[in-house]
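Heads up: the protein sequence lines correspond to chains A and S, in order.
Residue 136 in the UniProt record's numbering sits at position 136 of the first sequence, with consecutive numbering throughout.
Residue 198 in the UniProt record's numbering sits at position 198 of the second sequence, with consecutive numbering throughout.
Just so you know, the hints here were simulated from the structure itself, not pulled from any lab data.
Cβ atoms here follow ideal geometry from the backbone N, Cα and C, with glycine treated the same way.
One or more of the hints may lead you astray.
[What the hints assert, rightly or not] If you anchor each label on the Cβ, the simulated ranges turn out as follows:
1) A/E42 <-> S/A6: 54 to 62 Å
2) A/D26 <-> S/L172: 34 to 42 Å
3) S/V98 <-> A/P189: 39 to 47 Å
4) S/I62 <-> A/P16: 34 to 42 Å
5) A/S131 <-> S/G18: 55 to 63 Å
[Unchecked claim] Residues from chain S shown here face chain A by an in silico Cβ test under 8 Å; the list is partial:
6) R74
7) T96
8) S167
9) W174
10) G175
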Amino acid sequence: MKLTLKIWRQKNADDPGRMVPYELDDVSPDMSFLEMLDVLNERLIVEGEDPVAFDHDCREGICGMCSLVIDGTPHGPQQATTTCQLHMRHFKDGDVITIEPWRAAAFPVIKDLVVDRSAFDRIIQAGGYVSAPTGSAPEAASIPVPQADAHAAFDAATCIGCGACVAACPNASAMLFTAAKITHLGLMPQGQPERYGRVTAMVAQMDAEGFGGCTNTGECTAVCPKGIPFETISRLNADLLKATRKAS
Amino acid sequence: MAVTGAILVLYLIAHMIGNLKVFLGRDDFNHYAHWLRTMGEPAVPYRTVLTIIEIVLTVAVILHMWSAVSLARRARRARPVRYAARPTTQEHRYATHVMRYGGVVILLFVIWHLLDLTFGAVNPKGGDAQPYDKIVADFAPSHWYITLFYIVAVVLVGFHLRHGLWSAFQTLGWGRQNRYRGLRLLADTVAAVIVLGFVSVPVLVTIGVVS
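I would like the entire structure built from these sequences, with the hints used as guidance.
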């Protein structure tokens, strides 16, 4: 297939950046989206131009590095799929595809399509852990966990921290990411001692990083490649209300 | 946002039930309007309860707007560079996307509504007329544009509640995957009942059932 790509090019954080169009012939429908960009980059290198910088690592949909907004949707048109697992068969000959980085003040662009997601690390550092020494993997049944809680916690724990939720949110809020960790640890017995301090600290860090506020639009969960459920946000809100009551 | 919104929704339900008294006839409706002012008498002086309600509502509206404006400002700061491609909505919920603009239109409507039926400044009958006569004069067929504005505003309130109520449940921590269908249904039902209740008055006045 023949495609027209409109790609965001930005030399560094200080460069204002701009959209640059590229024509690409002979795209196979079996290529992944990132392989298609590899082909473009090989051509740019041969032509002596600067290749397009984009984040990627495992290319198996589990590391959370790939981060492209494709035609206005983070990770592109295929639901519950990371960019690396998106294949060109979902596009057709002659398509014009717009490729942009995650857009958020808290995720500054490093170069082209690569953004700095350290803000997520700092939210986790603020409380997304348990201090109890857990040692090696314990006997599975030694700490009983209700089946429903185990499932809900596991669903939340599948978050790969890619940041698509922030990219999709009209408010650029990091609520789904933060809520996934709050839910994961809040449903486990090991997470109980720090439960209410954790939610206060993580929400405070989220606000300090300059993310927007949540208005429950649901755009985050719709683009999440891991399908983190929307209820995690309500669980965070419940914990936060309780933490506020306990503090006062 | 959720708490001030809840106060306003409770008020809207009471206001709607009061409005429906117009169908019981002129005397019943005017008597009800008078009772609003004498509520609590003789334990408290004339208009005490009503004044308290007015103060609570004003504070709720101001705090509700303050929350909305700060959220909108935060959102703008949080995304300084916008997407070149039009961000495609994955949720496809019209109500969610008219909260901010809809809220502004509702505010303008409320200001006009108070000038019209509370102060009578823009009412065809003036401020001294009886409540029932003001309503009938307002929604007479010759003032079709007032009826239309009223209906558009009330429908916008309905959309506002459709997302607002559901969002409030989520904010208060009641949202769970197995409850979402029920909560959506509850929000939609309350929104629909409020819209129908409020719209019934001007429509029935315009077609002459209430005169």
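Results for each hint:
1. A/E42 <-> S/A6: 54 to 62 Å: 59 Å, holds
2. A/D26 <-> S/L172: 34 to 42 Å: 55 Å, violated
3. S/V98 <-> A/P189: 39 to 47 Å: Distance hint for S/V98, A/P189 holds at roughly 44 Å.
4. S/I62 <-> A/P16: 34 to 42 Å: 39 Å, holds
5. A/S131 <-> S/G18: 55 to 63 Å: 56 Å, holds
6. R74: 5 Å, holds
7. T96: It holds, given that the least Cβ distance between S/T96 and chain A is near 5 Å, below 8 Å.
8. S167: This hint holds: S/S167 lies near chain A, its Cβ roughly 4 Å from the closest one there, short of 8 Å.
9. W174: 7 Å, holds
10. G175: Interface hint status for S/G175: holds (3 Å vs cutoff 8 Å).
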